[in-house]
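Undergrad: From first to last, the protein sequence lines stand for chains A and B.
Using the numbering used here, the first residue of the first sequence is number 1, and each one after it goes up by one.
Using the numbering used here, the first residue of the second sequence is number 114, and each one after it goes up by one.
These are computed hints drawn from the structure, not numbers from a lab.
Hints are supplied without guarantee of correctness; some may be wrong.
[To be verified] Estimated spans, in silico, between C-beta atoms of each pair:
| hint | chain 1 | residue 1 | chain 2 | residue 2 | range |
| --- | --- | --- | --- | --- | --- |
| 1 | B | GLN130 | A | GLY16 | 44 to 50 Å |
| 2 | A | SER3 | B | GLY153 | 36 to 42 Å |
| 3 | A | SER3 | B | ASN192 | 44 to 50 Å |
| 4 | B | GLY153 | A | ALA17 | 35 to 41 Å |
| 5 | A | SER84 | B | ARG225 | 18 to 24 Å |
| 6 | A | ALA29 | B | GLU164 | 33 to 39 Å |
| 7 | A | PRO7 | B | GLU209 | 23 to 29 Å |
| 8 | B | GLN157 | A | LYS68 | 35 to 41 Å |
| 9 | B | GLY171 | A | SER80 | 35 to 41 Å |
[As the list claims (entries may be wrong)] Computed cross-link-like contacts, EDC-like style, restricted to lysine to aspartate or glutamate with a CA-CA straight-line distance of at most 16 Å:
| hint | chain 1 | residue 1 | chain 2 | residue 2 |
| --- | --- | --- | --- | --- |
| 10 | A | LYS100 | B | GLU195 |
| 11 | A | LYS68 | A | GLU15 |
| 12 | A | LYS100 | B | GLU167 |
Each residue gets a CB set at the ideal place from its N, CA and C atoms; glycine is no exception.
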Amino acid sequence: AQSVTQPDIHITVSEGASLELRCNYSYGATPYLFWYVQSPGQGLQLLLKYFSGDTLVQGIKGFEAEFKRSQSSFNLRKPSVHWSDAAEYFCAVGAPGGFKTIFGAGTRLFVKA
Amino acid sequence: EAGVTQSPTHLIKTRGQQATLRCSPISGHTSVYWYQQALGLGLQFLLWYDEGEERNRGNFPPRFSGRQFPNYSSELNVNALELEDSALYLCASSLEVRFFSNQPQHFGDGTRLSIL
Numbered sequence: 001a002q003s004v005t006q007p008d009i010h011i012t013v014s015e016g017a018s019l020e021l022r023c024n025y026s027y028g029a030t031p032y033l034f035w036y037v038q039s040p041g042q043g044l045q046l047l048l049k050y051f052s053g054d055t056l057v058q059g060i061k062g063f064e065a066e067f068k069r070s071q072s073s074f075n076l077r078k079p080s081v082h083w084s085d086a087a088e089y090f091c092a093v094g095a096p097g098g099f100k101t102i103f104g105a106g107t108r109l110f111v112k113a
Numbered sequence: 114e115a116g117v118t119q120s121p122t123h124l125i126k127t128r129g130q131q132a133t134l135r136c137s138p139i140s141g142h143t144s145v146y147w148y149q150q151a152l153g154l155g156l157q158f159l160l161w162y163d164e165g166e167e168r169n170r171g172n173f174p175p176r177f178s179g180r181q182f183p184n185y186s187s188e189l190n191v192n193a194l195e196l197e198d199s200a201l202y203l204c205a206s207s208l209e210v211r212f213f214s215n216q217p218q219h220f221g222d223g224t225r226l227s228i229l
């Protein structure tokens with residue numbers, strides 16, 4: 001069965017600084033991987049997804065993520081954080097051919113001026 | 114394209130009452146998922162409906178139930194409400210997963226259920 005871990009409950013970065021949010025998954029083969037963002041009082045919005053192919057995936061809002069099979073990781077990055085990026089970020093994993101998507105516990109991002 | 118819509122936005126109930134939450138998926142999506150997001154507990158999977166049938170269920174008591182209508186909209190019903198049922202309930206939809214496995218789920222903004 002697949003599982004996903006987000007090791008950081010919360011992270012604080014300065015506006016303009018770079019960001020990396022960690023995500024580790026457990027699955028026997030190459031899974032489908034997703035990153036979602038949730039702003040306060042709203043639902044989850046899909047930032048990007050990885051199904052196959054190029055291991056560096058570009059998403060919306062200037063985010064990217066890199067799939068590293070050897071490390072079972074799918075970390076989310078952004079070169080320069082804006083105050084509006086403050087939100088909760090969820091990594092999710094799905095099994096190809098399967099029907100279930102598992103969400104991580106989330107990482108809360110705080111941005112300081 | 115209209116996104117996933119949920120109603121009501123907020124719902125206030127007292128212990129022992131029953132609550133009904135509604136969800137309309139994106140046009141063309143046949144799978145609907147329900148999640149509970151309680152404070153500090155992350156996203157807990159509740160139910161998955163596809164083509165009018167319940168396909169999978171999370172670890173919740175039977176007083177959490179739902180259904181999917183022929184137009185693919187869905188209802189979540191919670192009976193005998195308890196204080197710990199206070200949470201944001203999120204609905205998501207996706208393309209039919211039997212043919213498009215693990216398609217991204219698209220979320221509504223949720224219904225905030227408060228139990229007094």
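Undergrad: Would you mind marking each hint as holding or not holding in the structure?
TA: Hint by hint, here is what the structure shows:
At about 49 Å, the beta-carbon gap between GLN130/B and GLY16/A stays in the expected band of 44 to 50 Å. Separation of SER3/A from GLY153/B is about 20 Å and departs from the stated range, judged on CB atoms against 36 to 42 Å. The given range of 44 to 50 Å is broken by SER3/A and ASN192/B, whose C-beta atoms sit roughly 31 Å from each other. For GLY153/B and ALA17/A, the Cβ-Cβ distance of about 27 Å falls outside the hinted range of 35 to 41 Å, so the restraint is violated.
The hint said 18 to 24 Å for the Cβ distance between SER84/A and ARG225/B, and at roughly 22 Å that hint holds. Take ALA29/A and GLU164/B: their Cβ atoms lie about 27 Å apart, and the range 33 to 39 Å is violated. The beta-carbon spacing between PRO7/A and GLU209/B, approximately 34 Å, falls outside the hinted interval of 23 to 29 Å. The given range of 35 to 41 Å is broken by GLN157/B and LYS68/A, whose C-beta atoms sit roughly 28 Å from each other.
A C-beta distance of roughly 38 Å is found between GLY171/B and SER80/A, which places it inside the suggested range of 35 to 41 Å. The suggested pairing of LYS100/A with GLU195/B is violated, with an alpha-carbon distance near 28 Å, which exceeds 16 Å. The straight-line distance between the Cα atoms of LYS68/A and GLU15/A is roughly 27 Å, outside the 16 Å bound, and the hint therefore fails. Distance restraint check for LYS100/A and GLU167/B: the Cα-Cα separation of roughly 13 Å lies within the 16 Å cut-off, and the hinted pair is therefore satisfied.
Hint violations for this structure: numbers 2, 3, 4, 6, 7, 8, 10, 11, all remaining hints satisfied.
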